[in-house]
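Chains as they are written, first to last, in our numbering: chain V, 74 to 550; chain W, 74 to 550.
Any copy, or any two copies together, can satisfy a pair, since identical chains are not distinguished.
Subject to a maximum C-alpha distance of 27 angstroms in a straight line, what follows is the list of computed DSSO-like cross-link-like pairs (lysine-lysine):
#, residue 1, residue 2
1, K396, K135
2, K323, K402
3, K402, K387
4, K155, K110
5, K383, K135
6, K425, K383
7, K150, K221
8, K198, K100
In short, the hints are calculated from the structure, not lab data.
2 protein chains.
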Amino acid sequence: MSTKKFVEAITDMDVDFSQWYTDIVKKAELVDYSSVKGCMILRPYGYAIWENIQKELDTQFKQTDHENVYMPMFIPKSLLQKEADHVEGFAPELAWVTHGGHDELAEPLAVRPTSETLFCEHYSKVIESYNDLPKLYNQWCSVVRWEKTTRPFLRTTEFLWQEGHTAHATAEEAQEETIQMLNVYADFLENFLAIPVIKGQKTEKEKFAGAKATYTIESLMHDGKALQSGTSHNFGDGFAKAFNIQYTDKNSKRQYVHQTSWGMTTRVIGALIMVHGDNSGLVLPPKVAPTQVMVIPIAQHKDGVIEKAKELQKRISKVARVKIDISDKMPGWKFNEYEMKGIPVRVEIGPKDIEKNQAVIVRRDTREKIFVSLDSLEETITTILEEIQQSLYEKALKNRTEKTYKASTFNELKQLSDDKQGFIKAMWCKDLACEEKIKEEAGLTSRCMPFEQEQIAEECVCCGKKAETMVYWGKAY
Amino acid sequence: MSTKKFVEAITDMDVDFSQWYTDIVKKAELVDYSSVKGCMILRPYGYAIWENIQKELDTQFKQTDHENVYMPMFIPKSLLQKEADHVEGFAPELAWVTHGGHDELAEPLAVRPTSETLFCEHYSKVIESYNDLPKLYNQWCSVVRWEKTTRPFLRTTEFLWQEGHTAHATAEEAQEETIQMLNVYADFLENFLAIPVIKGQKTEKEKFAGAKATYTIESLMHDGKALQSGTSHNFGDGFAKAFNIQYTDKNSKRQYVHQTSWGMTTRVIGALIMVHGDNSGLVLPPKVAPTQVMVIPIAQHKDGVIEKAKELQKRISKVARVKIDISDKMPGWKFNEYEMKGIPVRVEIGPKDIEKNQAVIVRRDTREKIFVSLDSLEETITTILEEIQQSLYEKALKNRTEKTYKASTFNELKQLSDDKQGFIKAMWCKDLACEEKIKEEAGLTSRCMPFEQEQIAEECVCCGKKAETMVYWGKAY
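Just chain V, same shape as in the assembly (with noise of 0.2 angstroms):
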């Protein structure tokens, strides 16, 4: 049966792949655009997939003895100029509320872009001695970036996000948060979202407004653009100067504590369409999918057939989240409906079926159709779930693998940017002036100088002068 004869048909991913990521966030119903240029309505599937991220992401938190707290959404004007790199970094894209009740503000408040400057405010009044230390802070919120282009979760005015926030007592400590917390979110997206990542440090250009060092998850797409999934920072002791966070250590000296912040947003759902959809719709790996089994009962209108579709149902509902469709909607609309839905599994019980005592499972991945005895039904379907899990991490991975390329000329850097769309490994001397002139020319950024170094050159592939690391560059969302 085609599964494009009862909707009507997205376009096709080789196509346009833009056109295609806009058909899927509005067809499988995950936004809607409200009268708030830039910003997005988090419809209800798209939100519950946004829930499995923060429960899995909060136990992660908890697990490493972070805390959540919650901070006011603006921030005095005065606040924000505390840090100077930071401001600067943040004032182009700072909404301003100005008027209060009926009055005009004494002075503006910022709608948090981020909160560092509310954190460390907090933390100056908190931290007293060594014995409050570390604090291992984190925040779920939205914050307002004036974007002047915006597309859903990859780029809105106003995203959903954690963002964690620690002071510690040293620079080793703060060193070590910030590298923990970059696994974590490397972890979650390679066992959670099945989605592969490289794990490395940001340029002194792309790093974050304040920061000392910055490190990041970079996945590919399968367009063969890269996103950044997840950053972490390490601020040395720079906020603490700017904000006197200090504490009296045990020898009963003042000392600046070390800070970190790190954050993952919304981002990550334009990952998930753009690393595992295709031209039938969403494909959700089945640990974030709200719903992981569809039980579709065919000519349900025959004697027993929803009674019998409702006990798989219920027997599915111990090791699975089920969902079962009953609606008087043809089969074909509703096998449609719940590919463009990205749903793992799909169960198949009618008349024949149980004459036999089996089912038709299909999995969204691979299309595949399995015949499964009623007897085995829940341990099959775990075992499936686990392997399309495992199934979609390899394809990614694959994807990645064949969309990776070397260069060690800048003759052969400009000639991949032109022909292939991808990650191109090179070698670079840290020099500003060439990673400069590798966007302008080559048309390409630092994604990160990744931890996992290969020795592909011994010079810089721009200016030829000895190299310092290999960076990862690419064209990035």
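Using the hints provided, position chain W relative to the given structure of chain V.
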């Protein structure tokens, strides 16, 4: 042992209830003030209480088939103005974003004080036929209302809440939903927070801006003041007409939907403090307590004490949320600290207890000491936690009963208002003039027209005309 020995005492609640409240909020480390006027910081302990509230309410919402979504935090001025009563009600409390990036906005954006208008706009786009109904959405977020005087939890410029917004085919269904959610709130307060409530309807004067009818749960604080603890509104088709939200019914006729909204906020944490707290600090009902049991080793430097305490912690963790404090602070300091934080049960274990195969359990609410054999530790803790939950409810109910009065004449009403602090039940003719006179001359507002009516008199307590309803009057936070 005096409980005031090691920490600075808090103000006596009978001397200055308001200062007592502020002391608890700060010393139990629930909130901190920020440099943004009227906005509070929810510290880890305060936020952990909110997380438990969220988890329980969210479960209740999902069990009644509601789905979570997320709407933008901004509302364009023109959108807000579509429903006349609504905008009039909220206009004095709005915060306005007038600049984004470096530019002045063509149209100012209000920071949401509530999101009816955004939900309505969305519903007008996604509701087409009776098949799309009902829409049962909820959102967890923060909202902003520009307040002149603020108090932590009770009235803050920004606060956290949930707002449910639903659309139905018929007026009957909308009314059912309104009452269903009021009941969810009432059950939640009574069973989870151990706070008895009066369910009823708000008067015309006190109803929500734009609603046809507002229902409320009202609770009574320890000082005899009332607190509106949750509201549920039936909008009829007023918003539907203003926003043109129509659906095609089964006879292909276009119909307006009927809508509801309902909300509960961080304000209920204020209720928790003022209903259950005492002069040693917070008292938390076990169900909402982030930590239900605190294990404190006595003479912990002695051989085997810490090991035994950890063993108890591990055993208790199977039946309760438990922590252990093995810091080098004195046991007396620890007792005070966890009494201040309202942890329902502490378990003391020292060398003598170990010899006797026992532990000492101390209830936070009654201070009762119970010696328990280690053989029945888990069962005893489970039972005691249930008893505390029940007994806090009964104590609060007793307080309310004792502080609920009746008035048949205006003089009685005034006298009660002068002499007593509490609910006053009195009859009312439903005339606004009488409600306003009672407010001006007796200093009482109508809390609600309760579902459970009594015939206290034939005539209105104010004008002497025929009474239409009994009202709970009071002074409110």
